[in-house]
Structures are given as C-alpha cells and as structure tokens.
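If you're matching them up, the sequences are chains A and B in order. Numbering-wise, this note's numbering comes out as the position in the first sequence, counting from 1, plus 6. Numbering-wise, this note's numbering comes out as the position in the second sequence, counting from 1, plus 8.
You may find that some hints are simply not true.
Lysine to aspartate or glutamate pairs mimicking DMTMM-like chemistry, simulated, CA-CA at most 20 Å apart [to be verified]: (1) K36(A) x E109(B); (2) K171(A) x E109(B); (3) K48(A) x E154(A).
Label-pair ranges, simulated between beta-carbon atoms [said to hold, decoys possible]: (4) L70(B) x D63(A): 27 to 35 Å; (5) K13(A) x L102(B): 34 to 42 Å; (6) S56(A) x G79(B): 41 to 49 Å; (7) A100(A) x R123(B): 19 to 27 Å; (8) E82(A) x G79(B): 30 to 38 Å; (9) G118(A) x Y83(B): 52 to 60 Å; (10) D76(A) x A95(B): 20 to 28 Å; (11) R123(B) x E82(A): 21 to 29 Å; (12) Q98(B) x A78(A): 19 to 27 Å; (13) S47(A) x R93(B): 33 to 41 Å.
Keep in mind that the hints were calculated from the coordinates and are not lab data. Ideal Cβ placement from N, Cα and C applies to all residues, glycine included.
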Amino acid sequence: MTNWKTKFGLCWLALAVMCAALPAFAQPGKLQLDNLDKLSSKASVVNDVSLDGSLLDLATKVVQSSDDPDAAQLKEAVKGLKGIYIKNFEFEKAHEYSPADVEAIRTQLAHGWTRIVQSHDKRQDELDEIYLLKDGDRVAGITILVAEPKELTVVNIVGNVDVNKLGALAGKFGIPDEIRDKTGKPKSTTPPAKPDKKDDSHDDDQDVDLQ
Amino acid sequence: MHFSEDDLKEALRRKDPGPGFTQRVIARIGQEEPQAAGKTTTIKLPWWRAAWRSYPALAGALGVLVLIIGGGLGYQQYQHIQAQRRAEAQKAELAKQKVVEALRITNATLGHVFRRVSEPSVGEPKIRRQTL
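Next up, chain A with everything else stripped away, as it sits in the complex:
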C-alpha cells in the first residue's frame, strides 16, 4: 500500500515538474493573447493575425520569387522575425473591453520586457505603450499596446525587429505612410538608456525614448 502511494506521489511530482517546465519550451517573447479572443463577438471589426516562423519563411520564399522591386524591402523587414501576432478590435461603443483584458497583457510584459514609450491620456481614456524585449544588445521582440475607448490593438512581434526596415515599407504593398516623418526618414526606436520604472502614477504623462 505504501509502495503504491509512493509511486502515485512520484507521478504527481513528475507531472508538476513537466508543467512547470512548459513555459521554458514556449517561444520567448510570444505573448499569450488568447484572453482577448472573447472580444471578437463584441467587436465590429476584428483583425487577428498569427504568423509563426514557418509561415514567415513561406512568405519570404514567395517574396523572393517575386519580380516586384519592393519585394526586397519586404524580405528585409521580415528577415530575423520569428513570429508576428496581432489582435485588433474596433468596437461600436466605448468600453466594450475591460481594464482587466489590458492588464492581462501588461502583466506578461512586466517580466523581461522594457517599456520604451508610454502615453496615458486619462481625458481621452487612451493608453499607448511600446515595449522591447532585449537579448543582450539585440532586440528579441517588440510589443505595441494601444488601448482606446473604442479600439484595442496589441502587436506582438518576436525576433530581431528593425523599425527602420518596417518604416521603409511605408507607402508600399498598401502599407500606410505612418511612421515616416516629414523628411522622409522613418522614425525608429532604440533601447532605453535607463530601465523603465513602470511608474503609472503620472496618468497624463508621456514617457518617450525615441531616436
């Protein structure tokens, strides 16, 4: 009887160890965005993009075989990326999503990620944040979180992201010319000089770390 109990206990222990080790096998930098899926039914517009490494490779092959001169830039932008995961919801009415939905994302970003941009406007009830995940000196991921009353967007890119290359695609492939400045040079983000303290006490503040 004691032997049976010991074996049963060991099985539970092994299971617990395996469960604890599971996150280690997950793709580093990839956020769990499943909690936002429930918003799909409330949203009037849903953009849900999930591109893992294999799909990115496939897309790169198509781009390579293309004669389009802009294809090289697209290939460069995608090069080094391991995954792109986007959830974008547009709602007819304000506050269709709860602060807890946003907090669930921010909680994941609290570990290992560095916030480089934060804009919290209480009057317009809008939160904009950009986080970077660093692996040594290189960027291993970027997450953009935009929470507006009628729109919620989470962009999670895993891999070596070069915002300059993303900006170079503006105006091509139907990509809007959003992150170019008036001189025509794309703006870019760089890792912050100081680690972010994540001080949310300044509700109307904007913390910027742009180059």
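Model the placement of chain B on the given structure of chain A, informed by the hints.
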C-alpha cells in the same frame, strides 16, 4: 563371380525371336516416335509468352488495359502533385498577404503611438523626454 566358358556360350547362344518379331519391332517404333516428337514441342515458356501464343487477342487486350490503368494512375498522381503545388502556392501567397497585413497594422499602430507622443494637443500634459 566366375563365369565358365560354358556359361558364356549358353548366354550368347542364338535364340529364335519367335513369330511376329518384325511386326512387334515396327509397332514399338511407331509408338515411340510420337512421344519423341511431343517432347520437342513442350519447351517451358514464360506465362505471358505462353498466353500470348495461346490467346494473342486476349493478351493484347490485357496489355492495353494495363497501359490504360497505368496511365490513369500516373495521370492521377500527376494531378495530385499539381494540386499539392497549387495548394502550397496558395498557402504561400496567403502567408505573404498576412505578412503585408501584419506590417500594415504594425505600421499604423506605431504611427498612431508616435503621433500621440510627438504631437500632443494644446493644453495637454507635460512630456518627459528621457533620451533623444
């Protein structure tokens, strides 16, 4: 074993074959000739050659049937491979469209954040710039 001269003489002594000897010999020869002739025609042939010889039309029809079935299977395989290639090409094109869509949303979102940060409206809060 020892044979005496008398034994040999007895054994080699002329004997009368009896009446009808010639007819018996001729009859025996007549029996053995067809058997010998039959042996030359029963050469072991492969089944398909034997079938071809026995039923040439049937063998020809079977051959055509095999060709048709083989050709059909080959064509089916070719179609299957082509369909697979088309599906892969479609999947790749879809992946490319998704990448473009992802980059479009990313650029738009980044642009939105940059705009919010760099162009605050009048009377809006203070901006702290950490690094420029």
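Just to be sure I understand the hint, the distance between the Cβ atoms of G118(A) and Y83(B) should be within 52 to 60 Å; is that true here?
At 56 Å between Cβs, range holds.
Measuring from beta carbon to beta carbon, are S47(A) and R93(B) in 33 to 41 Å?
At roughly 38 Å between Cβ atoms, R93(B) and S47(A) fall inside 33 to 41 Å, so the hint holds.
Note whether the CB distance of A100(A) and R123(B) lies within 19 to 27 Å or breaks it.
holds (21 Å)
If I claimed the Cβ atoms of K13(A) and L102(B) lie 34 to 42 Å apart, would that claim hold in this structure?
Hint violated: Cβ distance 50 Å, outside 34 to 42 Å.
Using the beta carbons of L70(B) and D63(A), state whether their distance is inside 27 to 35 Å or not.
Violated - the Cβ-Cβ distance for L70(B) and D63(A), about 49 Å, lies outside 27 to 35 Å.
Check the following: the C-beta atoms of D76(A) and A95(B) are separated by a distance inside 20 to 28 Å.
Since D76(A) and A95(B) have Cβ atoms about 26 Å apart, the given range 20 to 28 Å holds.
Note whether the CB distance of Q98(B) and A78(A) lies within 19 to 27 Å or breaks it.
23 Å Cβ-Cβ, so the 19 to 27 Å window holds.
Regarding R123(B) and E82(A), is the given constraint of 21 to 29 Å on their beta-carbon distance met?
Holds, since R123(B) and E82(A) (Cβ atoms, about 25 Å apart) stay within the stated range.
Does K36(A) pair with E109(B) here, judged by a C-alpha cut-off of 20 Å?
holds (19 Å)
Tell me if the beta carbons of E82(A) and G79(B) are separated by a distance inside 30 to 38 Å.
Distance hint for E82(A), G79(B) is violated at roughly 48 Å.
Just to be careful, I want the Cα atoms of K171(A) and E109(B) compared with a cutoff of 20 Å; is the pair within it?
Roughly 16 Å between the alpha carbons, so the hint for K171(A) and E109(B) holds.
For the hint 41 to 49 Å, verify it against the beta carbon of S56(A) and that of G79(B).
For G79(B) against S56(A), whose Cβ atoms are near 44 Å apart, the range 41 to 49 Å holds.
Hint compliance for this structure: hints 4, 5 and 8 are broken, all remaining hints hold.
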